[in-house]
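According to this note's numbering, the sequence shown is numbered sequentially starting from 1.
Be aware that a few hints might be false.
[As the list claims (entries may be wrong)] No more than 30 Å apart at the CA atoms, straight line, and that leaves these computed lysine-lysine pairs for DSS-like:
| # | residue 1 | residue 2 |
| --- | --- | --- |
| 1 | K245 | K301 |
| 2 | K34 | K45 |
| 3 | K197 | K43 |
| 4 | K240 | K301 |
| 5 | K43 | K247 |
| 6 | K241 | K301 |
| 7 | K43 | K2 |
| 8 | K22 | K34 |
| 9 | K22 | K240 |
| 10 | K247 | K301 |
| 11 | K105 | K34 |
| 12 | K306 | K22 |
| 13 | K301 | K291 |
| 14 | K45 | K22 |
| 15 | K105 | K25 |
| 16 | K25 | K197 |
| 17 | K306 | K247 |
| 18 | K2 | K105 |
These aren't lab readings, by the way, just hints derived from the structure by calculation.
Just so it is clear, the structure is predicted and the values come from calculations on it, not from any experiment.
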Amino acid sequence: MKIAILGASSQIAKDMISYFVKDTKSSLYLYSRKSANLEEELKSKNINFENINFLDYEFFSEKNYYDVILNFVGIGDPEKALKLGSSIFDITYEYDSLAMNNISKNPDTKYIFFSSGAVYGSNNFSSPPCDSSSSMISINNLESSDWYSISKIHSEARHRALLNSKIIDLRVFNYISSNVDIYGTFFISDAIRSIIKNETLHTTNSNFYRDYIGPDDLFSLINVIIYSNINNQPIDCYTKKHTSKFKILSMLEDCYGLNYQFSNKEYGLNYTGHKNYYYSENRNASSFGYKPAHTSLETIKIEVEKIINRY
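Using the sequences and the hints given, assemble the complete structure.
Encoded structure:
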């Protein structure tokens with residue numbers, strides 16, 4: 001199987017690459033802006049290079065046939081998204097168009113676009129979305145927190161318009177792996193960094209609810225999509241059970257000695273809007289065989305354990 005990966009230098013892509021290389025029957029074509037840098041980085045991690053090809057984007061062409069195209073291009077850190085501003089529209093469109101031009105010439109290719117729970121709107125999470133939920137954007141009062149959501153909505157709309165194409169929009173709500181940037185601007189990064197540095201985590205005294213998928217379950221879901229007879233549709237990521245901020249804090253305190261204090265003050269960036277229930281109750285992935293192995297809290301513990309063991 002020939003698998004092309006766009007945005008191969010993103011952390012989530014590199015996590016998935018470490019799984020794909022174990023399949024000696026697959027050939028990987030890793031596309032990034034600086035392929036030489038990516039090659040050097042992966043060499044340091046003792047990854048099997050036998051079936052890997054490192055390529056700059058200029059070599060991606062509609063003439064190249066792939067069984068699967070995975071598009072990881074996007075922004076995972078709200079601080080980086082804030083700096084990009086409205087240019088997120090151009091970035092998303094540019095690389096999505098690369099893939100869509102290819103599949104227009106190769107209709108048998110399955111295209112998996114990594115979307116986001118943000119497609120439901122930047123402030124539409126007073127309850128978790130489900131298969132009948134609508135996306136909500138205040139079109140007459142757009143704010144910078146809407147840019148990321150709109151870029152994903154626009155991409156998914158383009159995909160749904162091509163009814164006969166094999167395009168899957170895989171919506172990732174919350175992701176954690178042992179390779180998470182502990183200096184990132186996410187709550188979970190702040191918590192892990194506080195443990196490692198033996199510092200006190202300051203957080204608001206309000207609870208929220210999340211479903212953190214890890215690399216094991218995400219790779220399992222990707223494989224189900226690749227090998228199932230499904231065509232043009234969106235799929236929401238999920239684990240066996242979501243969790244809450246208070247449960248995460250309690251677990252990290254009990255297992256790793258996290259010190260934390262509550263405050264009425266807001267901490268960190270809120271670039272993509274306030275989300276009380278940022279997870280999905282849409283379980284359509286179960287209809288074609290996806291069965292998550294872990295709960296959200298189990299996933300966090302598994303990945304944090306690996307991080308702590310490195311320090």
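Structure-based check of all given hints:
1. K245 - K301: holds, 14 Å
2. K34 - K45: Holds. K34 to K45 sits at ~18 Å (cutoff 30 Å).
3. K197 - K43: holds, 29 Å
4. K240 - K301: holds, 14 Å
5. K43 - K247: With a Cα-Cα distance of about 38 Å, the restraint between K43 and K247 is violated, given a limit of 30 Å.
6. K241 - K301: holds, 14 Å
7. K43 - K2: holds, 21 Å
8. K22 - K34: OK: K22 and K34 at ~24 Å, within 30 Å.
9. K22 - K240: holds, 25 Å
10. K247 - K301: holds, 12 Å
11. K105 - K34: It holds: about 26 Å lies between the C-alpha atoms, which stays within 30 Å.
12. K306 - K22: Holds. K306 to K22 sits at ~20 Å (cutoff 30 Å).
13. K301 - K291: Given pair K301, K291 holds - Cα atoms ~19 Å apart, limit 30 Å.
14. K45 - K22: Roughly 14 Å separates the two Cα atoms, so the pair holds.
15. K105 - K25: holds, 24 Å
16. K25 - K197: Violated, at about 43 Å.
17. K306 - K247: Since the Cα atoms of K306 and K247 sit roughly 20 Å apart, the hinted pair holds (cutoff 30 Å).
18. K2 - K105: holds, 16 Å
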